[in-house]
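Asker: Next come the chains, spelled out residue by residue.
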Amino acid sequence: MNLFVETLGFGIVSGCVIALGAVGFSVQFGISNVLNVAYGTFLTLAAYLGYLLNVEHFNQWLSVVVVGMAIAVLSVVYNRLLPGRLMRRGAGFVTTLIATVWAGIGMLYVIVVIAGPTARTYQVDNGRTLTFAAFVLTTSQLVVIGAALALMFAYHLLLTQTQLGKAMRATSVNPVVARSCGIPVSRVIDAAWFISGLLCGMSGVVLALTTVTFGSTLGTTFLIYMIAAAVFGGIGQPYGAMVGGLVVGLATQLVGAYSSPAYEDVAAFVILTAMLLVRPRGLFGTAATRSLRLAGG
Amino acid sequence: MPTSLDSAGSGGAGPASGGTRLRTRGLTAGYGDIRVIHDVDVEVTSGTMSVVVGPNGAGKSTLLKGILGLTRVFEGQVELNGQSVTGKPLEQLAKAGIAYVPQVDDVFDTLRVRENLEMGGFLLDKATRQERIDEVLEVFPDLRRKTRRFVGSMSGGERKMTAFGRALMLAPKVMVLDEPTAGLSPALTQVVLAEQARVLADRGKAVLVVEQKAKAALELADWAYVMVQGRVAMSASGREVLDHPDMAEVFLGGGAVAPGRATG
Numbered sequence: 001m002n003l004f005v006e007t008l009g010f011g012i013v014s015g016c017v018i019a020l021g022a023v024g025f026s027v028q029f030g031i032s033n034v035l036n037v038a039y040g041t042f043l044t045l046a047a048y049l050g051y052l053l054n055v056e057h058f059n060q061w062l063s064v065v066v067v068g069m070a071i072a073v074l075s076v077v078y079n080r081l082l083p084g085r086l087m088r089r090g091a092g093f094v095t096t097l098i099a100t101v102w103a104g105i106g107m108l109y110v111i112v113v114i115a116g117p118t119a120r121t122y123q124v125d126n127g128r129t130l131t132f133a134a135f136v137l138t139t140s141q142l143v144v145i146g147a148a149l150a151l152m153f154a155y156h157l158l159l160t161q162t163q164l165g166k167a168m169r170a171t172s173v174n175p176v177v178a179r180s181c182g183i184p185v186s187r188v189i190d191a192a193w194f195i196s197g198l199l200c201g202m203s204g205v206v207l208a209l210t211t212v213t214f215g216s217t218l219g220t221t222f223l224i225y226m227i228a229a230a231v232f233g234g235i236g237q238p239y240g241a242m243v244g245g246l247v248v249g250l251a252t253q254l255v256g257a258y259s260s261p262a263y264e265d266v267a268a269f270v271i272l273t274a275m276l277l278v279r280p281r282g283l284f285g286t287a288a289t290r291s292l293r294l295a296g297g
Numbered sequence: 298m299p300t301s302l303d304s305a306g307s308g309g310a311g312p313a314s315g316g317t318r319l320r321t322r323g324l325t326a327g328y329g330d331i332r333v334i335h336d337v338d339v340e341v342t343s344g345t346m347s348v349v350v351g352p353n354g355a356g357k358s359t360l361l362k363g364i365l366g367l368t369r370v371f372e373g374q375v376e377l378n379g380q381s382v383t384g385k386p387l388e389q390l391a392k393a394g395i396a397y398v399p400q401v402d403d404v405f406d407t408l409r410v411r412e413n414l415e416m417g418g419f420l421l422d423k424a425t426r427q428e429r430i431d432e433v434l435e436v437f438p439d440l441r442r443k444t445r446r447f448v449g450s451m452s453g454g455e456r457k458m459t460a461f462g463r464a465l466m467l468a469p470k471v472m473v474l475d476e477p478t479a480g481l482s483p484a485l486t487q488v489v490l491a492e493q494a495r496v497l498a499d500r501g502k503a504v505l506v507v508e509q510k511a512k513a514a515l516e517l518a519d520w521a522y523v524m525v526q527g528r529v530a531m532s533a534s535g536r537e538v539l540d541h542p543d544m545a546e547v548f549l550g551g552g553a554v555a556p557g558r559a560t561g
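If you read the protein sequences in the order shown, they are chains A and B.
Residue numbering for the first sequence follows my numbering, beginning at 1 and increasing consecutively.
Residue numbering for the second sequence follows my numbering, beginning at 298 and increasing consecutively.
Be aware that a few hints might be false.
Claimed, not checked - Computed footprint of chain B on chain A, listed as stretches where at least three residues anywhere in the stretch have a Cβ under 8 Å from a Cβ of chain B:
no., stretch
1, 27-41
2, 162-175
Said to hold, decoys possible - Over the 10 Å line for every Cβ pair with chain A, so calculated as not near, a few chain B residues:
no., residue
3, ARG322
4, THR325
5, ASP336
6, ARG369
7, LYS392
8, ASP403
9, THR407
10, VAL436
11, ARG463
12, ALA468
13, LYS512
14, ARG528
15, LEU539
The hints are simulated quantities; they were obtained by calculation from the structure and are not laboratory data.
Small disclaimer: the values here were computed from a predicted structure and weren't measured.
The beta-carbon is built from N, C-alpha and C at its ideal position, and this holds for glycine as well.
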């Protein structure tokens, strides 16, 4: 029982971080219709940038924010240079997808050349250890949970209460009509890539902080978790990605605790495969409403 | 009751009257290197409804895309009040007063009715946007009780109303409607054309409609253009086109109206 409750705690922490990254990944797909596989490389890059600050004894939370902003800017630039440019020139979904694979692998090798093949270890300040009933959590884990929930709530407010957020949803569902409303679609897309880069950068550093030791494969591993989370919730659906992140986080931690950590990835793959088989549109997917409409409903 | 949605100079009777005028001059447009429409002249002015009819593949949609800068224009001009807007992107056309309601994907499905209207008024300041929403809801009172509904869950007629309402938010002078009755039942077709599109013209808008359901549209149109094989084969009042003996041939047969015949 204790193991279960402990794992639940870790699962929630891990789930919150995966959810943040999955929302970021989902935003790119939802608004630009780009499945950006290079997202994993940006996670890895964030972990290394965070490490550079960590070596200099930079405050770990401040480094999450700083790296988040840096990846946000890089993400906008990357989209303008590659996927966004290809889409504007009429490249199809698959062409753009393949270009992001190429870019992701290429950038990852550049990172490996610069950083070297050895794993790096963060100096982590976990703060005090707190015990609630059988839950054992450190203050820094609580900060992660709190910040992740706050960020997701902020993103919810952005989408539902602000003109920018509504314009992002409008652009996502119907870019032609968005343009005919006078919505500056390319600026809205920049904003979306900024937000997704921010979430990617912050989750990349927090992943490294929570795993402590990381290498160049960090991004690829967690990208699979995030894709599983995004697909679980219905790809392109931010709330789906949030729920999916928690489910994947809990599932991978529980499987890791009760069998072997080596099977954590398997758990993510099982969730991904099962969801694709049973309900390909995901928990919150909109395929139903679309097909209804095409049927004249 | 006049509102800012009503354009000046309403009640005009025919393409020659004053107010706003959108016209194409010798428009030749298509995709890639393929020219689909040739030398097309159409026009619409404030307070009137012009319809473009013709069989499938006649180039009606290409004409609209050419007007809206959504496809390649080889030759000719699109003019708004004498100024060229040829090839201008949709964002700029919106600012110039041209609203566009596409054929099927005409709303933001995953947004609420009110949010659809807010997005229609994206360019307005907050206070004006709110006033405009109230005005639109007076034009389409059926939407008033449904402003919090997600448009994706609504019926075809309600969706069309939302699309028209969204397009009205910027108080456009010209409304371009691409097959507004596509996918709607015969009863709803009548509602959309007679009670919605026609009413917009009567409120002073210049309304340009491309329509597959020719008969219903021609009965309400002030002016009509019949397109056959990428050219305007006939240009006359809606009534005249309806009464023309070749009309059945155009839609049922192989496009027997010779280009140029009965024009004017």
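Asker: Hint by hint, say whether it matches the structure.
Answerer: Going down the list of hints, with the structure as the test:
1. 27-41: Three-residue rule not met by the stretch 27-41 of chain A, so violated; n is 0.
2. 162-175: holds (count 8)
3. ARG322: holds, 23 Å
4. THR325: holds, 22 Å
5. ASP336: For ASP336 (chain B), whose nearest Cβ neighbour in chain A is about 27 Å away, the distance exceeds 10 Å, so it holds.
6. ARG369: Since the minimum Cβ distance to chain A is about 12 Å, ARG369 (chain B) lies beyond 10 Å and the statement holds.
7. LYS392: violated, 6 Å
8. ASP403: violated, 7 Å
9. THR407: violated, 5 Å
10. VAL436: Fine: 18 Å to the nearest Cβ keeps VAL436 (chain B) off the interface.
11. ARG463: Answer for ARG463 (chain B): violated, closest chain A Cβ roughly 7 Å.
12. ALA468: holds, 12 Å
13. LYS512: holds, 21 Å
14. ARG528: The assertion about ARG528 (chain B) holds, with a minimum of 27 Å to chain A.
15. LEU539: holds, 27 Å
Hints 1, 7, 8, 9, 11 from the earlier list are contradicted by this structure; the remaining hints agree with it.
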